[in-house]
Each structure stands twice: as structure tokens, then as C-alpha cells.
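Trainee: Listed here are the chains, written in short residue letters.
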Amino acid sequence: MPRKPRLAVFKFASCDGCQLSLLDCEDELLALAGELEISHFLEASSAVQDGPYDLSLVEGSITTPHDAARIREVRRQSRALVTIGACATAGGIQALRNFRDVREFTRIVYARPDYIETLERSTAIADHVPVDFELRGCPINKAQLLEVLVSFLRRKRPNIPSHSVCVECKRRGIVCLMVARGTACLGPVTHAGCGALCPSFHRGCYGCFGPAESVNTPALAERLEQLGVDRGHRLRLFRSFNANAPEFREESERHEQ
Amino acid sequence: MGVDATRTLEQAAVIDREGLALLLTGLRDDGYTLVGPTARDGAIVLDELDGIDDLPAGWTDRQEAASYRLERRDDDALFGYVVGPHSFKRYLHPPRVKLWQVRRRDDGMEFSRGGAAAPRYAFLGVRACDLAAMRVQDRVMIGQDARDPIYAERREGAFLISVHCTEARSTCFCASMGAGPVADAGFDLALTEVLGERDGEPRHEFVITAGTPRGQEALRRLPSRPAGARELEAARAGHERARGQMGRRLATEGVRALLRDNPESPQWDDVATRCLSCGNCTLVCPTCFCSTVEDTVDLKGEHAERWRSWDSCFTGEFSYIHGGVVRPSTRARYRQWLTHKLSTWFDQFGTSGCVGCGRCVTWCPVGIDLRAEVAAIRRRADADEPARATSSTPDAGSDA
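Here the protein sequences line up with chains A and B, keeping their order.
Following this note's numbering, the numbering of the first sequence begins with 79 at its first residue and continues without gaps.
Following this note's numbering, the numbering of the second sequence begins with 406 at its first residue and continues without gaps.
Derived from the structure by calculation, the hints contain no laboratory data.
Keep in mind the model is a prediction, meaning the values are calculated, not measured.
Do not rely on the hints blindly, as some may be mistaken.
[As the list claims (entries may be wrong)] So, partial list: chain A residues that the calculated Cβ filter (under 7 Å) puts toward chain B: (1) E106; (2) R148; (3) H241; (4) S242; (5) P266.
[To be verified] Below, a list of computed lysine-lysine pairs in the PhoX-like style, where the Cα atoms sit at most 25 Å apart: (6) B/K705 <-> A/K220; (7) B/K705 <-> B/K503; (8) A/K234 <-> B/K503; (9) A/K220 <-> B/K503; (10) A/K82 <-> A/K220; (11) A/K234 <-> A/K220; (12) A/K234 <-> A/K82; (13) B/K705 <-> A/K82; (14) A/K220 <-> A/K89; (15) B/K503 <-> A/K82.
Heads up, the beta-carbon is just placed ideally off N, CA and C, and yes, glycines get one too.
Generate the whole structure from the sequences, applying the supplied hints.
Mentor: Okay, structure coming up:
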């Protein structure tokens, strides 16, 4: 019998929510452990094995020189590397620092800012090492995570569509919030994957999955302005969990004073 | 259409609200799953109905490009609105459906059909444009060469109760497309709602005609009386009101050649600056039928399923073929959609792909109106505006 592929999970600057999605796969965890050897997953077990690993899931962004070096070692130890979540794929909410002077933050927050060794910008893993697949979301969708793992095991392309959240709303029959209520919604420019979670509760899309495959953020922003969304609100809409995703970053910068 | 509508109206009967309630109860008793309009989440949507009380009594809609609002009427009309965000496509060509599944066995593979058998639907409130859209999809799904069993099973079993429109919105243009506002065929029963007063008493009635033997049979079971001149006149006045309230026309004259001959119109670049490429227009369109197929496998590799889901020509993955995306730009996607809908649909299926329901206008988040786009393409073609400088290069290259 061939040996089971070895799985590792690594954390960088992040909240741990995405790797928790793996533990959240309760019904599938035993089957998963039957197909993969979970070799390194600190959130689940302190018993860790050395690399190399067949598949590494990487959560979090790169914010320190130490992590910038560590991700290179993770890449070196990993046959396939999949990044999970908005931090790993776009720099996360902590990429808000990219729009300000990070030294100013450390002076305000820390008693001894000189102890803090941090990078000026929070960046995606793919900005540092080659990545085999990026799974979006803040947090990721656990069904999509399973699809990525199954696809890795079966050597197939994962079914992770890159179209807009609008497609998910329309398939579910959710009435468009922008059209029927004038609600600000990032759905038309946001990558699918959540199953239109917020619109199903009458909240506009917050853009947790980052930019869709093909986006026209200026045209959406213009419509938001017509709906009465002021400049500051437009800026904040595009500058959240995926603030450093290029399409959202450029759009938020257009709304700076 | 006017002649046929008049002829069918001559054989019309009149039922009241109670008669309509009995019709719906009777259909449910006959085993039909009743689907029709109901007010929910700020719009009049389609859903399964228990009976007449689920209809949006006293509600109406206000629609324009990129805007829809649900509002109260000053009467209790049951059908005092036009088409909403849903179409009956949801039920005939479901957004997501399991095609088949397979299980690994010791001695091989065991395949089985996807889902349970489809319910037998009774559709209430099918507008003339909705009926026209079904006829368009029939040509696609129940063609001479291919038959989609999922669509065909649902379509062929469905009992259709049409409602002739007595109002229209600025987004409506079924009259331009020869699709409405009065349905002349394709229904089992058709209603025109008539509200008013007689002898100082408010009355709420429906002029009803049967279009098929089973429609006649259903009508025979209802308490009704022959329609008199007054009811017929009121119904006709309602139809004329709808005709008069339509928004701007879609100038169909020569549109097939216009779009075919102007693939490099500068208007495609113009619309691409506004279009979000979100796919909403195609998903609300009652004739758009494109879908994608996904295979899912369980962790152990013992069970696999194949699912079909609505897709859109506005997504990159839709036009991905080996080596890349054929239509990478919004310009190419919008052009593909509009040209197919109004021009190459004739080549492929012998009709226009547009029935003038206006859903793509209302539900476009940025309010792109295909009638205005066609007019602009025509204007620029007539003015002989130069095409893009890149027009001589192959499409995928120029759009990349």
C-alpha cells in the first residue's frame, strides 16, 4: 500500500480562523485522517513531524523579516503549497498598515517600540514564494477547503469558481439588495465562495473573498456614489480584509482625499 | 396578436376571487405543485404557493434601470405588477441539479440518476413575455437534435395559467419584440384582472379564457359566467394601458444585421467601461440557458456526483478552453451576449433570444439598458464612426 500523503498546516500573521476551518470539518475529519497523514498541525496537536511534506496549507500574511525567511523554508519543505484565507492570499486586515507609516503605529501601541521588528507592509504569501493554489475567504469556506484537499488527493483541478458573488445570489434566488433596496454591496466585484452568506441575511457583501476574476471597481464605485454612499464609506468598503488585493487597493486609493 | 386575443376574448368567461381560489385549490388537489408570485424580501418573487392568500394582494412594483421597489397599491389587485427578479426558468431549468451519481463497488461502478422525479408544476401568473421565453427555451432544450430531459419533463407536465398584463413599466418592451402584453397561445388558462365598481359596489373579477382542453376542463369546474361587453371592454382597456405604458422601444428593424456587421463598434468599448461583468443580466434573463458541469468526489474516492449549475457568458471560466480564456475582456463578453441574444440566436434557433421582459435592465446593478446600447451601436454605424485601431487583430488578442 502506498504511503499516505503528508499534510502540514502553517500559520503566519493571522487569527487562526482559517486553519480552524480544517478542524471544523467534523464529519469528514476521520475520513481525512484516513487519507492524509497529518504531520504538522499545531492547532490540533503538539506532536509534530519534520518535513518534507506533500501538501502544506499556509495561513497568514508576511509581516516580519523572520516570517519572510520562514516561508522560504516552508516552501522548500513542501511539494505543494496552498495558501488559505485573505491574510495569506492578500495580506489580510493587517495590510491596513500598508496605507500608513507602521513605525507611527508601533510608537503609539508599544511601550518599547524599539523591541518591535516588523515590515512596513503586510503581504500575501505569493509575494514571497511560488504558490500552487490560493483559496480565498475571510474565513475560508470549509466545503471549499475539502474540495481543495480532495482535488489534491485525486489529482484533479478544484471546482473553485472565480466568478462574482452575484452568480451565487442569483442561483439561490436571493433578491438583489443593491437593486431592490439600494444597499451598498461589493457582490458584483467579489470572488464567489461564501454562497452569498451576507446577502442571504439582507446585508451587502463585504468582499471577504477578494476581487473576482474580472472586475470593474470604478463602475461599481460610481453606482455606490449614486446610491448615496459617501467617499469615506466607499474607501472603507474596498479597504477591509482584502485591502491589499491589487484591484481593491487601487480602488480604495481612488477615494482618498 | 390583436386578432387572436380578440377571438379568445369572445369565448371568455368571468370568475371572481373565490373562483380563482377554487382553481388553485383544485390544481393542488390534482397533485400539482403550485408556483406563482408572492411578495418577499422587497420584491415580488416566484415561490411555491399554498393558495390565493400567498399572492401579493395590494402590492405593486416600481422599476427602472438598476432599481426595483415594492410599493402598496390603493386597491387589492392580485396581479398589479409586472415581472420580478425570478422567472419560471428557475423551475424548468433549475439553477443547480444533480445529473447522476456513481458508487464504487467491488465488482465495478454503479451509476444512478441524479435526483428525484420533478414535481408536476402549475405555474400561475405567467406573463406573455414569460410564455414567449418558454417558447424560446423550448427550441433550445427540446430541439430536433437534442432533448434536455430535465427541462422537457418539467415543461411538458406543467399547467400554465397566464396573466395578461394590464400595466407596464419603463423597463418593459415586450411589444417591441412581438411577445406581449397579451399572450395569444401556449397557456392552459389566461386571466385578465378587472378591478372597478359596478352599481356602487367594488368588484374584483377575472376575465378568463382557456387555451387547451385541460384548461377548458379546469374552467368548467369553476363557478363562472360568460363575459359580457363591459368586462371585455375593461379587459381590453387594461391591455391597451399596458401597451401604452411600455418604455422605450427596442428598434428591432435590421438589428440582426446591425450586430453581425459591427463587431468592432466603438460602443463595445464604451459599454465595457460601465459593465461589471457580474453576470446578473444573463442569470435573470428567462431565455439564457448556459450552464456548467462540476464533478464532486468524496474523500475516500468511493462516491462521485455530477452537478449542473447555471453559468454565464460573463465569467472567465465559462469561455475557458484548453490553453486559455476565449473571451478575457468585458468588451468581448458583453458583445457576445448582446450579439447572441439579438442576432446569432436567429442563426442558431430561428428566433430572437430576447422577449422584451426588461429583467436585464432592472437587475443590472449599474443600469445598462440594452435598448440604449443597440441605439448607440446603430447611431455610430450610421455615422460611420471608425472602429478601434486594433480591429484588424484577432479578437482574443485585441481583447487581452
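Trainee: All hints are to be evaluated individually against the structure, with a verdict given for each.
Mentor: Here is what the structure says about each hint:
1. Nearest Cβ of chain B to the Cβ of A/E106: about 6 Å, under the 7 Å cut. The hint holds.
2. At about 30 Å, the closest approach between the beta carbon of A/R148 and any beta carbon in chain B exceeds 7 Å, and the interface hint on this residue is violated.
3. Annotation: A/H241 was flagged as interfacial toward chain B, and the flag holds, the nearest CB pair being 4 Å apart, inside 7 Å.
4. Using the Cβ-Cβ criterion of 7 Å, the hint placing A/S242 at the interface with chain B is satisfied: the shortest such distance is roughly 4 Å.
5. Residue-level restraint check for A/P266 holds (minimum Cβ-Cβ distance to chain B is 4 Å; threshold 7 Å).
6. Restraint check: the Cα-Cα separation between B/K705 and A/K220 comes to about 17 Å, which is no more than 25 Å; the hinted pair holds.
7. Only pairs whose Cα atoms come within 25 Å are accepted, and B/K705 paired with B/K503 is accepted, the gap being roughly 20 Å.
8. A distance of roughly 20 Å separates the Cα atoms of A/K234 and B/K503; the hinted pair therefore holds under the 25 Å criterion.
9. Between A/K220 and B/K503, the direct Cα distance comes to roughly 21 Å. Compliance with the 25 Å bound is thereby established for this hinted pair.
10. With a C-alpha separation of about 22 Å, the suggested pairing of A/K82 with A/K220 holds against the 25 Å cut-off.
11. About 18 Å separates the Cα atoms of A/K234 and A/K220, which keeps this hinted pair within 25 Å; it holds.
12. For a cut-off of 25 Å, the pair hint linking A/K234 to A/K82 stands: about 17 Å separates their Cα positions.
13. Using a Cα cut-off of 25 Å, the hinted pair B/K705 and A/K82 holds, with the two alpha carbons roughly 12 Å apart.
14. With a C-alpha separation of about 17 Å, the suggested pairing of A/K220 with A/K89 holds against the 25 Å cut-off.
15. Proximity of B/K503 to A/K82 is assessed by CA-CA distance (about 31 Å); at most 25 Å being required, the pair is judged violated.
Hints 2, 15 from the earlier list are contradicted by this structure; the remaining hints agree with it.
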